[in-house]
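Participant: If you read the sequence shown in the working numbering, its first letter stands for residue 1, the second for the next number, and so on.
Worth flagging that the hints you see were computed from the coordinates, not collected in a lab.
Label pairs and their computed distance ranges (CB to CB):
| # | residue 1 | residue 2 | range |
| --- | --- | --- | --- |
| 1 | Ala93 | Thr66 | 18 to 24 Å |
| 2 | Arg154 | Lys91 | 43 to 49 Å |
| 3 | Thr229 | Gln257 | 38 to 44 Å |
Ideal Cβ positions, reconstructed from N, Cα and C, are used throughout, including at glycine.
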Amino acid sequence: MSEHSTSPAAPALTEVLDVVEQLWPLGLQEPWDASGLVTGRPEQPVRRILFAVDPTADVVAEAVATDTDLLVTHHPLLLRGVTSVAADRFKGAVVHELIEHRCALLACHTNADSAPDGVSDAVARAAGLTTTTPLAPHPADHAVGIGRVGDLPRPTTLRELARRLAAAVPPTAHGVRVAGDPDTPVRRVAVCGGAGDSLFDEVRASGADVYVTADLRHHPASEAREAATGPGAAGTPCLVDLSHFASEWLWLPVGAQALRTALAARGHAVEVAVSTRRTDPWDFRIDHPAGGGHGPAAATAPDGASTTEHHPATAGGPA
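Use the sequences and the hints to build the structure in full.
Facilitator: Written as structure tokens, this is what we have:
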């Protein structure tokens, strides 16, 4: 168990939660969500905070090794109901590790998606958008909500937008998948960090030339493109599919800086860091050989296909 100073400069967990509520109000979370505090005593001092996408065992080990007092993750540990947190199960083991090392765990999930400067705002900035509005406004406040949509300051092409996003997100085995003619002109862009295939109706209504999101499944993506290229359609929206982890990781530095600044305004010098762990579940990808394969025509990237294994952990970004 780590030893921590109880210097007056260290806020209690309850005060940190008060600041978090101002930045990412829990009232903005979706009805099915489970954002909020998972472990931690309200009175415990907080001198070091770590941000991560997922509360995996590796991330918790990093938090413990760095004497972290509060682990803030985007994804909840206990999103669905459980009947046991016994340490012989992986989620129970994580709970025990956190409690035994006096590390609080806080999930900021769809509340951080909807709030200003949240996950989708981070994706929007990576795409080059400077002014946006919510794609699906929150019923209680139409100024916030899930997803964002806006116009680029200067038009670009689908290929260049995809390249811009690939350079901005952490590398993963998933890479960046694109549906549409690479030379399609792009001006209006809709984005949604994380899984966004439930918002196709809102995307079409927004008039977006392209939709940037993650976790696109075969049938919703196929039907969206069929609708975009069918009778009377203009060929849009095109699709850019990011890794779920990578799309949401973009928010971590933004959220960490916002919390650091807000605590400093209250006179607290708290160290706020971003995890270096890559928690995308996929480890590597093997691309099709250029011009190879049988059956349907091989799909190759406009600039040629790689014939090597792709190992994201060696390409920079979160390890």
